[in-house]
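The hints should help you fit chain B onto chain A, whose structure is shown.
So the protein lines, in turn, are chains A and B.
What the first sequence shows, in my numbering, is residues 15 to 453, in sequence order.
What the second sequence shows, in my numbering, is residues 15 to 453, in sequence order.
Be aware that one or more of the hints could be misleading.
Pairs involving identical chains hold if they fit within one copy or between any two copies, as the list cannot separate such chains.
[As the list claims (entries may be wrong)] Pairs of lysine to any residue residues, derived as SDA-like cross-links and limited to a Cα-Cα distance of at most 25 angstroms, are as follows: (1) K41 x D206; (2) K288 x N113; (3) K301 x T100; (4) K98 x T209; (5) K156 x H311; (6) K98 x T256; (7) K146 x A160; (8) K156 x N257; (9) K145 x K156; (10) K145 x I159; (11) K146 x I159; (12) K145 x R155; (13) K98 x E148.
Hints were generated in silico from the structure; no laboratory data involved.
There are 2 protein chains.
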Amino acid sequence: MTQTWHQPRRPRIIVVGAGFGGLSAAKALSRMDAEVIVIDRNNYHLFQPLLYQVATAGLSPADIASPIRSILRGQANTSVMLAKITGVEVERRRVRIGNDPVTYDFLVLATGARHAYFGHDEWERHAQGIKKIEDATALRRKILIAFEKAEIEADVEERRRLLNFVIVGGGPTGVEIAGALAELARKALAMDFRTIDPRQARIVLLHSGARLLPTFDERLSEAARRSLEMLGVEVRLNAAVTNCDELGVSVGTLLIESRTLIWAAGVRASQASKWLAAESDGVGRVKVLPDLSVPGHPQIFVIGDTAHVLGPGGDPLPGIAAVAKQQGAHIARVIEARLEGRAAPAFTYRDVGSMATIGRKRAIAELGRLRLSGAPAWLLWSIAHIYFLIGFRNRLAVVLNWAWSYVTFHRGTRLITGPEPENVLQPNCNTRRFRSETA
Amino acid sequence: MTQTWHQPRRPRIIVVGAGFGGLSAAKALSRMDAEVIVIDRNNYHLFQPLLYQVATAGLSPADIASPIRSILRGQANTSVMLAKITGVEVERRRVRIGNDPVTYDFLVLATGARHAYFGHDEWERHAQGIKKIEDATALRRKILIAFEKAEIEADVEERRRLLNFVIVGGGPTGVEIAGALAELARKALAMDFRTIDPRQARIVLLHSGARLLPTFDERLSEAARRSLEMLGVEVRLNAAVTNCDELGVSVGTLLIESRTLIWAAGVRASQASKWLAAESDGVGRVKVLPDLSVPGHPQIFVIGDTAHVLGPGGDPLPGIAAVAKQQGAHIARVIEARLEGRAAPAFTYRDVGSMATIGRKRAIAELGRLRLSGAPAWLLWSIAHIYFLIGFRNRLAVVLNWAWSYVTFHRGTRLITGPEPENVLQPNCNTRRFRSETA
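If we strip away everything but chain A, and leave its shape as in the complex, we get (with noise of 0.2 angstroms):
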C-alpha cells in the first residue's frame, strides 16, 4: 500500500470529537494544505468544567457551549460534520457513520469519557452522573424537584430522604457540586418554601480515598474540606460506596437515604479502543506511543480522555482541558512532520497547574509551586475560566451570570425542564398537608 500523504492531492485529516483536544487540533490544522473535516455527535462544544454550574442551577447551557461551526467559521479547509461514529475500518481507512464510510489519510480520535460504576451499571438508574448537557439538565430537574416534593410531602420520614443529597467522589466535580449545591439549598433557595426549610437539606460528599482531590498538595485538599464544611456539606473520607439503590447509598453496612445521588466518582474511556482494536488501560483508554500514535498506526492519533499516556512522574495523564488541547496542538506538528518524511516529535506535558472551586470566595489553586486557597484561589479560578471560555457572548453572560448571583445569592436558571412532571406526586410524596379540615 503506498502512503496516501505521498500522493499529489490534499490529505484529509479526520477529527471524530469536539472537545477541548479535537478542537485544539482542528486549530493548530487550520494553516495546513489539508481537508480537515471535524465530526461530533453534538454541533456545539461544551466547556466542560462549569457544567456542575448548569446542574446546580447557575448557568444555561448555552451560556457553557458554542456551535461548532461558528468557532471554526474562518478556518478555509476545515468542514464541520454532525454525525456519530459507528466504528473505524482500520485497513481501509475509513470512519463508518452508520452503514456510510468516510476517507481519512489521517485520523484523530478525540472521543472523550463518559462517567461510569465500577462495573456495576445498575447504579447508573439511581445516582446521576455529568458529562453532557442533558445529565446537566436532568441533576437540575432531580434537585429542583425534590425541593418541590419536600414541600408538599406530609410523611416527615420521607420528607428527610428528599432533603438528603449525596454526592459519591471527592475529586473536583464532587467538591465542585458539593459546594454548589450547598450554596443552593442555604441561599438561593432559602426563602421561596413554605413548609419546609432549604437551609435544613443535608448534603453528604462521599469519598474512597484519605483526602478529598488526591490530585492537589495535601494542605490544599485539607483547605477544601474545611471549606465545604463551613458551607455546610457533611465531608465522609475511606467511605467506599457498596450499592446504590432506590433507597439510598450504601457505605459497608451504612444506609444514608436520599432520593438524590449524585455519581462523580469514575469514568470510562470512549469506544476508540474497540474501534482500533488497540491495546488500553483499565478504564478504556488507549495505549498510545510518545507520539500520541495508535500502535502499528502512524496515520491514526488518539488524546484527551480517551489516550493513556504517561506523564514525567511515571503515572497516565490526567484527564483534564490542559492535557488534551496540549495534544490537540502537538498531533498538528506529528502530522506535519509524517507529510514532509520526517521523525515525530514525542509529546511532553507543560503542567500549566490545576483549580478546583467550592463556593464563593472559596477555591483551592496549585500553580507550580505557589499554593493558594481561598479568595485569592477564587479570584483566579474566576478569571481563569471566563477568559477559556470559548467566544466573547459566552463570556459575557457568563461574567453577567456570576456577578448578579454573587451580589443577590439568586439563581437564574432554576428551571425544571424535560417531561412533563406527572409523577412529581408519586404514591409516596402525598399531599395531607393540603387535604383541608372543611372537607
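Below, chain B alone, put in the same frame as chain A:
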C-alpha cells in the same frame, strides 16, 4: 350547604396555572386575608410572547422563564405547589391531583391553551407547534438539524426539501417565527456551512385568510407582508392547509415539499370545561358570566386563554397576555365582593394595543388610533417586551442577548440538545459527498 366563606377561618383560594392570568390573580390576592395556593405543572412562569426566539436560537429558555416561587417569594399568604391537576370535584369543592384531593373555597382556573390542528391530530407528528419550552427547544433542534442534514446530503432534491421551511398560520406567532427564521438563515448561519448556502433556504408562510395578522389594521397587515417579503419570506395568502405529512404540506392539490413544518395556526383551550362540565365554545373555552365566574358556581372562575369572554365589539376577547392579566386582577375584586356579600363587578377589558415583530428594525404596533410600522414600532416592541419580562435578571439577559445579536447578527443559543442525534444521518440522507476518491 353553608357558604364556606362565612366561616371565621381564612378562605382558601386555589389558582391553577401560573401564566399571565394566574400570576396576576395571585398577586392581586396578596393583601387579602386568605390562604392562596398557586398550582402549576411547571416550576416557572413562561413569558410566552418570546418563545419563538427560543425556537429560533435567539434566547435561552432561562431568559424567558422565572421560577414561580421566586416571583411569589415575598407574598406571605401564598404557597406554590408543583403538580398537575387531573380534575375538579365541583360539589365537594376540591381539585384532584392524581388521587389526592385538595379543597378550596374559591377556585381560579387559568390553565391556558395548547396548539391544535383543527381536528387533524395526526398532523402534530409532522408540524411542530410552540406553546411550551419543550416545544421551542424541539423546534430549534428540528430547524438546526435540517441545516446539518442538508450540509452532508448528496441528493439535490432531498437537500432542497431540507432547506424548505413552511410555517402554517399568519397570526402574530407565524409572522414572528417566519421573520426570525429568515434572519437566522440569511444572517446568523450564512457563513457557517461549506456545501450549502443557508441563505438559499426557502421560507414559506401559509395563511388561510386574505391578509396576515387579521386582528390588526389592514395597512399594518400589508406592512407586515412587505417586511416579510423583504426578508425573503414567501407569503401565501388564502392558502388553507389540507394536509401535513412526511412529504410536506398540501394546500389543495399543491404539495410544498418540506422536512420542517411549523404550526402556528390554531389553539385549543385546556381541559377546564371538561373538569367543570361547563358550557364551552368551539375551541373549548369555558363560557363564563360577566364577573368571570362559571354559571352555577359563584366560587369558580375561569380566565385567560381558557375563558370565553365577549369584548365590547361582541367578539370573544383574544388570547393575549393583556386580557389574561386584567382578568386575573379582576378576580381579586370579585372574591372580595363575594366575601363582603356585595354584588360582584363585571369585567371590562381596557385595550392597551397590540404589536408584532418581524425582524431587525421591522415591527408593527397598534395603540388606540396610533398605527406604527418599521423601526419605531420595533423600538416600541423591544422596550415593551423587556419591560414586561418578569425579573430584573431576565430583562438584563435579554437586553444583552438582543444587543449582541443586533451588532453581530450571531445567535448565541444554537444548541441541538435532547436525545442524541443518532438519526441525523437517515437512510435518505447520505454522505456520498465525503466518500473519498481514495477508497
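Do the hints match the structure? See the list:
Proximity of K41 and D206 under a CA criterion of 25 angstroms is satisfied inter-copy only: 16 angstroms between copies versus 46 angstroms inside one chain copy. Taking the shortest alpha-carbon separations for K288 and N113, only the intra-copy value of 18 angstroms comes in at or below 25 angstroms, while the best inter-copy value is 50 angstroms. In this assembly of identical chains, the alpha carbons of K301 and T100 lie at most 25 angstroms apart only when taken from the same copy (21 angstroms versus 57 angstroms across copies). In this assembly of identical chains, the alpha carbons of K98 and T209 lie at most 25 angstroms apart only when taken from different copies (19 angstroms versus 47 angstroms within one copy).
Neither within a single protomer nor between protomers do K156 and H311 lie at most 25 angstroms apart by alpha-carbon distance, with minima of 45 angstroms and 39 angstroms respectively. Within a single copy, K98 and T256 get their C-alpha atoms no closer than 34 angstroms, and across copies no closer than 37 angstroms, so neither meets the 25 angstroms cut-off. For a Cα distance limit of 25 angstroms, the shortest separation of K146 from A160 qualifies both inside one copy, at 21 angstroms, and across copies, at 22 angstroms. Taking the closest pair of Cα atoms, K156 and N257 come within 25 angstroms of each other only inside a single copy of the chain (20 angstroms); across copies the shortest separation is 40 angstroms, beyond that limit.
In this homomeric assembly, K145 and K156 come within 25 angstroms of each other (Cα to Cα) both inside a single copy, at 16 angstroms, and across copies, at 24 angstroms. For the identical chains of this complex, K145 and I159 are neighbours both inside a copy (21 angstroms) and across copies (22 angstroms), given an alpha-carbon limit of 25 angstroms. Taking the shortest Cα distances, K146 and I159 sit within 25 angstroms of each other both inside one copy (20 angstroms) and across copies (19 angstroms). For the identical chains of this complex, K145 and R155 are neighbours both inside a copy (15 angstroms) and across copies (20 angstroms), given an alpha-carbon limit of 25 angstroms.
For the homomeric pair K98 and E148, the shortest alpha-carbon distances inside one copy (17 angstroms) and between copies (24 angstroms) are both at most 25 angstroms.
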